[in-house]
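**Student:** Please build the complex by placing chains B and C on the supplied structure of chain A, with the hints as guidance.
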Amino acid sequence: MIRRRLGAALVSIMWLAVGVLAQAPPTGQTPSAQDGFVPVTELPPTQQLPAAPYLIAAYAFIWIALLAYLFSIWRRLGRVEQDMRSLRERSRKGGAR
Amino acid sequence: MRKLFLPLLVVTAGMFAYAPIAIANAPYESTMLLIQKIFYFHVPSWIALTASITVCGVASAVYLFKGSAAADRYAVAGAELTALFGAFGLVTGMLWARKAWGIWWEWDARLTMALMLELVFIGYLMVRKFAGPGAEKLAAAMGIFGAATAPFIYKSVDWWRTIHPKTSVVRSLGETSPEMYNALLFCTAAFLMLFVLLLAARVMLENERAALDELYLAEED
Amino acid sequence: MAVFIRTALLVLKKDFAIEMKTGEILYTTLFFAVSCVLIFSFAFVREGQPIEGASAGILWISVLFAGSLALGRTFERERYGETIKALLLAPAPRAAIYVGKLLGIVLLLVAAELLLVPMVAFLFQEPLFERPLLLGALMLLGTIGFASAGTLFAAMLLRSRARTVLLPILLYPITVPVMIAGVLGTRALLEAPPAEAMAGFWTWFLVFYDVVFVTLSLWTFEPLMTE
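Residue numbers (the numbering used here), protein chains in the order written: chain A, 1 to 97; chain B, 1 to 221; chain C, 1 to 227.
Here chain A stands alone, though its shape is the one from the complex (with noise of 0.2 Å):
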């Protein structure tokens, strides 16, 4: 039962993901603000390093760590269900010597 949320639970963000990978990048490069941020609207033309990649990559990592994660508890449940089954299937035929 509570397996079955699990997956469900993760199959759910899976779709979610796809819904993420629709970013249009531009670029933009700097120094870092230190004491207050400065909202803006409209991006510069640049160079050096191109942001895109980085904020996809963050991105990706948390989502792909996150999955990892609740696949992992997703993984040491059936396995702790598991054994309950083949304690309780022994059990049971024990009783019934």
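Please keep in mind that the hints were generated in silico from the structure rather than gathered at the bench.
The beta carbon of each residue, even a glycine, is placed where N, CA and C say it ideally should be.
Be aware that a few hints might be false.
Below 27 Å or equal to it, Euclidean Cα-Cα: the simulated DSS-like pairs (lysine-lysine) are [said to hold, decoys possible]:
| # | chain 1 | residue 1 | chain 2 | residue 2 |
| --- | --- | --- | --- | --- |
| 1 | C | Lys85 | C | Lys14 |
| 2 | C | Lys85 | C | Lys13 |
| 3 | B | Lys66 | C | Lys85 |
| 4 | C | Lys85 | B | Lys129 |
| 5 | B | Lys66 | B | Lys129 |
| 6 | C | Lys21 | C | Lys85 |
Computed list of chain C residues with no C-beta within reach of chain B, every gap over 12 Å [stated by the list, open to error]:
| # | residue |
| --- | --- |
| 7 | Gly48 |
| 8 | Ile51 |
| 9 | Ala90 |
**Tutor:** The following block gives chains B and C in isolation, referenced to the frame of chain A:
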């Protein structure tokens, strides 16, 4: 509690689906431009980490002093989530730093202590796995000490001159840019709900394990 | 209160008496600390000269490494003689046992530092004795901070399986603030006119850290040592 799981899951999933839109609609920051958008997952990761460290620290203390087995389950769940959200924060921070400052890492106060916090909780997980009998108590001590260092890390940026943006950035965001602030609040809420979900799932696993142990003990009788 | 202090001093006296007989832990720890400093010095040499600013780091690393070794060995001795059970069964406040052990470790490390500081000053030609009181306070507070967490962890790991390797793994991340404060404070004292304000700030930081962690250790020692 169980009944809330599915609705909470749906709401969280919805929030994460909407999050990219909220983030894209937020204005760019004037000096960092596009790469600053990592901020909307970076800061909420650390906020979720604060939540999980609090859970782990309090649960460890309760387990150590009251011997409550349920507290021990929350402690291990909190520790795993601390390691997870810490990894999120460190990796997103490194990627942001590479673009914004040109370097992957810097040994300033906050980064160093954040990395050490991550190591403390990885140590927690290792103790639980390798220390043999009585490992839960040792891990609980690690949890308490790890939670004690967290406030040092938060304030560290204000005390030391460092390349990392100060805590005043987020606090002043309400006035300087309400749109950014709203996007940040939205992502923080999404992450905190994710934290609750993951905590619930992990504690469920521990409860199942405890039930399995009971079955084993009953079988031996 | 008097019982507490008396117990702590008794534990200290016992360890001191045992140590005086063989001197095993003292001499080996001192020698290890000295070799540490030498090895790091050889590693961080460039064109026959030590690297700029490496001396503070090398000093503190050697103290911390020697400290974790000494911690492991002191408690190993208790485990070997099975005296830890006797200590815990004694009708004395458990926290006093912790304090006694802590004082023993601090004294051992202070002895090591009395040897290491002049050695580093000599090898690196650093003006470590410009502000001896401030340096002394910094080193003492750092030692207490390190030893407080270390004594607790060494005691709690006594009966666990992978204890020799787990002690460093668990102890070093927790004591990183001590390392940072110690190294940055010492480095401030080594500047051309010593940056006293900076060193003072780090000293106060260590006071704060010590108070927090000694309190935490005293608080958690009892439940940790009970089965």
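**Student:** Taking the hints in turn, state whether each one holds.
**Tutor:** Each hint tested on the structure:
A C-alpha spacing of about 15 Å is found between lysine 85(C) and lysine 14(C), which places the hinted pair at or below 27 Å, so the restraint holds. Restraint check: the Cα-Cα separation between lysine 85(C) and lysine 13(C) comes to about 18 Å, which is no more than 27 Å; the hinted pair holds. Restraint check for lysine 66(B) and lysine 85(C): the C-alpha separation of about 23 Å stays at or below 27 Å, so the hint holds. Distance hint between lysine 85(C) and lysine 129(B) is fulfilled; the C-alpha atoms sit about 26 Å from each other, no more than 27 Å.
Distance check on the hinted pair: lysine 66(B) and lysine 129(B) sit about 23 Å apart at the alpha-carbon level, within 27 Å; holds. Among the hinted pairs, lysine 21(C) with lysine 85(C) is consistent with the structure: their alpha-carbon atoms are about 23 Å apart, no more than 27 Å. Look at glycine 48(C): its CB is around 27 Å from the nearest CB on chain B, clear of 12 Å, so calling it non-interface holds up. With a closest Cβ-Cβ approach of about 15 Å to chain B, isoleucine 51(C) is found to remain outside the 12 Å limit, as its non-interface label requires.
Every beta carbon of chain B lies more than 12 Å from that of alanine 90(C), the smallest distance being close to 21 Å; the non-interface claim holds.
In this structure, every one of the numbered hints holds.
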